[in-house]
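Novice: Using the sequences and the hints given, assemble the complete structure.
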Amino acid sequence: MEIALTVIRNETKQLNKTDRFALRWAEFVLKNRLKTILFAIIVFVVLAAGLMQIQVSHNYRVFFSDKNPDLLTFEKFEETYTKNDNFLFVVKPKSGTIDQPFVAQATEEFTARAWTIPFAIRVDSITNFQHTYAIDDDLIVEDLIENASNLSQAEIAKRVDIALNEPLLAGNLVALDRGASGINVTLQYPGLSEGELPEAINSARALVAEFEQAYPDLRIALTGISALNAAFFEATINDAETLYGPMFLVLIVITWLVIRSFSGVVATVLVITFATMAAMGFAGWAGIIISPFSGSAPVVILTLAIVDSIHILITMVQRMRVGDDKIAAIKESIRVNFLAVSITSLTTIIGFLALNFSDAPPFNALGNIASVGIAAAWFYSLTFLPALLAILPFNVQTYSDKSRGPLQEAINKLAEFVIARARATLVFVGVLFIGLAFAIPTIDLNDQWVEYFDDRVEFRGDAKFAIKHLTGLYILEYSVPGGAPGAISEPKYLQDLDDFAIWLREYSKVRHVYSYTDVIKRLSKNMHADDPSFYKIPEERELAAQYLLLYELSLPYGLDLNDRIDIDKSSTRVSVTLDEITTGETRQFLKEVDAWWEARSPGNEVYGTGATYLFSFISERNIKDMIGGNIVAVVLISMIMMLALKSFSFGLLSIIPNVAPLIMTFGVWALLVGEVGMAAATVSATSLGIIVDNTVHILTKYQRAREELMLSIEDAIRYTFDTVGAAVVANALILAFGFSVLMFSSFKITGDMGTLTALAIIIALIVDLLLLPALLMLRAKPKTKGVQYVSTESTNSI
Amino acid sequence: MLALKARIQFNPYKYVIFAGVLVLASFAHSPASAEDLDQKGYDVAARNDRSDRGFNNSRVELEMVLKNASGAESRRVLEQSTLELPDESVGDKNLIVFFSPADIEGTALLSYAKILDPDDQWLYLPALKRVKRISSKNKSGPFVGSEFAFEDITGQELEKYEYTWLREEACGELTCDVVERRPLYRDSGYTRQIGWVDQTDYQTRKLEYYDRKGSLLKTQLFEDYKLYDDKYWRAQVWRMENHQTGKSTDLFFKEYKFDIDLSDKDFVTGVLSRQR
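Line by line, the protein sequences are chains S and A.
Residue numbers for the first sequence follow the working numbering, so the first one is 765 and each next one is one higher.
Residue numbers for the second sequence follow the working numbering, so the first one is 6 and each next one is one higher.
Derived by calculation from the structure, the hints in this document are not laboratory data.
Bear in mind the structure is a predicted one, so any value in this text is a computation, not a measurement.
Beta carbons are placed, not taken as given, at the ideal position from N, Cα and C, and that holds for glycine.
Just so you know, not all the hints are guaranteed correct.
Calculated Cβ distances over 12 Å to all of chain A for the following chain S residues [stated by the list, open to error]:
1. I881
2. V887
3. Y1008
4. V1030
5. I1198
6. S1253
7. N1290
8. T1346
9. W1360
10. A1363
Quick list of in silico lysine-lysine cross-link-like pairs, DSS-like style, CA-CA up to 27 Å [unchecked claim]:
11. S/K1289 with A/K134
12. A/K231 with A/K259
13. A/K134 with S/K922
Among chain S residues calculated to face chain A with C-beta under 8 Å, some are [unchecked claim]:
14. W879
15. Q952
16. G955
17. M1291
18. E1304
19. Y1321
Specialist: The structure is reproduced here in structure tokens:
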């Protein structure tokens, strides 16, 4: 008992430099409490005013930086052909086929009206398809279905037959089972304001609503790239509406459970609100664009911010329970926590700042916003919080029961277990680690953007509808150059292109191929009085060039070939519509296409691109970029650990419990889920910054026990578990809980990030409680010198 | 006190005169009726149209320079012959022969412009050695991949549109009448066009094209006007810029030849195969 008292006294009396600085800080804040509060509020107001400037992204391209080579290729492609933004309306009668006159009539009317959608530059459908046929030497070019209201079902059926024999339409704008047809609207946004997409999508939706009302037997789904972009925007808004509120309430409950003080809850809530709003306001001032992923920043900041406050409050309450008055308890709490709170904030900031290594701007955005939030939380927890606590009434019941609760007892038992079986624990965790690490390569990187959204986002349902009833949504674009102006009319070029199209059509996952050769073959037939034996590539360049000229002269406004053929007729575009396909399968497909062209025409400059292409490499690219970020984060964080612990070997040792959980997390994920999207790239750096916190708490306590209290290794471990064990567990649980709230995001990448981070925090907790003490035990010979430690359980019984 | 003084010095006469001036001015600038503006617009267009008429026939070689959004260029050279028909309710006859690129050399397009119906068009394909009649109601599609539609290049026939005079404004050193015209042809790709016609030579200086949703689609500039035979103004350069796609096409005309002994028999399908 005497020894225990000595220990506590020693702990309070050992004042080093940092402690003295922290004490002076606390005294200053408490003396100027009103000024501090005022200052903190001014800082908050200035930053939060930026909330008015917040911009939310309306484009999937926000996930690709302007230096991303894949995006640059895509932009070059778009400059050569046309912009790739579109709406695809899927029109399906609730029963029967599209042969029914009312369906044709609705499609014709819809096609005409679609031209009036803002920024529409082209509308394609079964009705305005330019049907060409020959009567002797006359080439007739006309809409495939015109004045549908005057046509009988049989007449329409004939035209649908024509459409199904037309490679450009069948399986693309006309369903092979005649169940649905599509109206594709190409859009060209001037890119002058963020309001362009909402304007277009609102108009498109109004059109759908109007036609569904006028034709109650029709179901019209809205997809396409512009609808995808709207979904990104709506997912951000949806998350803001559904995640932030509940998150906030839950944090209030947690704080109450831990602190049991009304004033404590009020002060904590203010701190986390200030920190979060200041960080989001910073995003507004800095012009950081919010997207579905970076939209999770408030949840992340709330979670991380609360931990600082809780640490300070816990210590304060503990001190008051052992009899300190409020002001003394606050001072003591600041003294004890100042360094730990500062270091943990710093390491977390480093982890989040490392996201700047990523190519994807939303990851950078989350990293920067969260860093500002964490810094703000640190600032408010050490200024505003103690100042406010000093003013608010704060009562704590002094301990009446002797029990430390079942949690603490379990933790103490765990300490004994690890001390007794250090080697076995090490082997156990080591084997687990190796096993999980080996599972990682089985993870499949998948970024199917339809799957990014859950059912709350309308786009997903419509996209699934389109895929089921009409055509695929994953489209790869190829530019096939002929090498010289006019080369696209060369028989060799056309033959290669046609063989390519044939090869593509045999590929199992391909649903549709749009190739210029289908146009030229049809024209060849038309030029020979529709003789089917001339449905082939023209044998001379001049023939093909002149057919093309003829065809171009006969096309109407907006339905030209300028989006398929480049300006000097040296290259054409092939669009490949893929079925539901994972990005892994897409990458395999891309490889096979490259191999096909390499075999056919070595040294060719054929290239693929498109949104599907971009997303196929987004995970790999970001993971590759983040490897550097992770290394920098690990190095910096380890250096900070060495400085903070003033020990090289402790710093080095800390790498193991800091890094091992990350690897194990991906191992667990590989075994349980098996598939991950681009979120994977971000998780290791951010989680590292977070899980380091508990290592810091454990190692500082252990070191204090060893060096200041002169305890033996075993006792130092007992002391560590006894003093910070519960805090470490609570800390991890709060953080894991906060991040798991992100699972309810309607955006899968955010959800995956939340789940993975929560998982990493829990695994890190286990590692900290098992592996770290075992490592400490085996680091030096046990039973070394030191005084005996008696748990505070007995201390309290004085 | 000052205000009071001002009241004392108030002279009602001044106000009566001012009001009178206002009334007179309002008569002078009285808001003309819609019909008047339409008539005025028509008159401006008619004066513009008639200022170039009476040449009987013409021939000109021109080069098209196409540019896409990334600045890549492509060229076509062709020759356009026009036979003017005196009746304004009938369109002109046009013959276009392509010289380059090489693979379409000798391809010849004959068209009889119609006012409110699809044009009659025939194309001779030298590689096929046949004349094909094109039956299509489309006039607004891009002409050989350029930003010009066929209807933008051939016959700006007066009766193809209805007109409204909008305003008068400076255009360069000249003063222009700004006239809106709306195509009467049902399948036109445009909802309206706005033209700037100068009041000195009655020539079009600028033309804006609006698409089906009423947005500005493209702008055409007419530059380097040259007076032929002291009678006919012809712009030597036409520039068309598509505002939506960022693509553009410039037409560079060489020397026009007028009244060169062309007649109806030079604008029949039989001559198409003999153009080169």
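Novice: A separate judgement is required for each hint: does it hold in the structure or not?
Specialist: Hint by hint, here is what the structure shows:
For S/I881, the shortest C-beta to C-beta distance to chain A comes to about 7 Å, within the 12 Å cut-off, and the non-interface label is violated. For S/V887, the condition that its CB be more than 12 Å from all CB atoms of chain A is violated, with the nearest at approximately 9 Å. The claim that S/Y1008 is not at the interface with chain A holds, since no C-beta of that chain comes within 12 Å of its own (minimum 38 Å). With a minimum CB-CB distance of about 55 Å to chain A, S/V1030 clears the 12 Å threshold, and the non-interface call stands.
No Cβ of chain A approaches the Cβ of S/I1198 within 12 Å, the least distance being about 53 Å, so the stated non-interface status holds. Separation of S/S1253 from chain A is inadequate, the least Cβ-Cβ distance of about 6 Å not exceeding the 12 Å criterion. Its beta-carbon lying about 9 Å from the closest one in chain A, S/N1290 breaks the requirement of being farther than 12 Å from that chain. Distance check for S/T1346 against chain A: the nearest CB is about 33 Å away, which clears 12 Å, and the non-interface claim stands.
For S/W1360, the shortest C-beta to C-beta distance to chain A comes to about 27 Å, beyond the 12 Å cut-off, and the non-interface label holds. Against the 12 Å criterion, S/A1363 stays outside the reach of chain A, whose nearest CB is about 28 Å from its own CB. Distance check on the hinted pair: S/K1289 and A/K134 sit about 16 Å apart at the alpha-carbon level, within 27 Å; holds. Straight-line distance between C-alpha atoms of A/K231 and A/K259 comes to about 11 Å, which keeps the hinted pair within the 27 Å bound.
For the proposed pair A/K134 and S/K922, the alpha carbon gap of about 33 Å is over 27 Å, so the pair is violated. Look at S/W879: its Cβ gets to within about 4 Å of chain A, closer than 8 Å, so that hint holds up. Checking S/Q952 against chain A: minimum C-beta separation of about 5 Å stays under 8 Å; hint holds. Taking 8 Å as the C-beta cut-off, the interface hint given for S/G955 is violated, the closest approach to chain A being about 11 Å.
Taken as an interface hint, S/M1291 checks out: its beta carbon lies about 6 Å from the nearest beta carbon of chain A, inside 8 Å. Evaluation of the S/E1304 hint against chain A yields a held restraint, the C-beta minimum of about 6 Å falling below 8 Å. A distance limit of 8 Å between C-beta atoms decides the matter here; for S/Y1321 the minimum to chain A is near 3 Å, and the interface restraint holds.
Hints 1, 2, 6, 7, 13, 16 from the list above are not met by this structure, while the remaining hints are.
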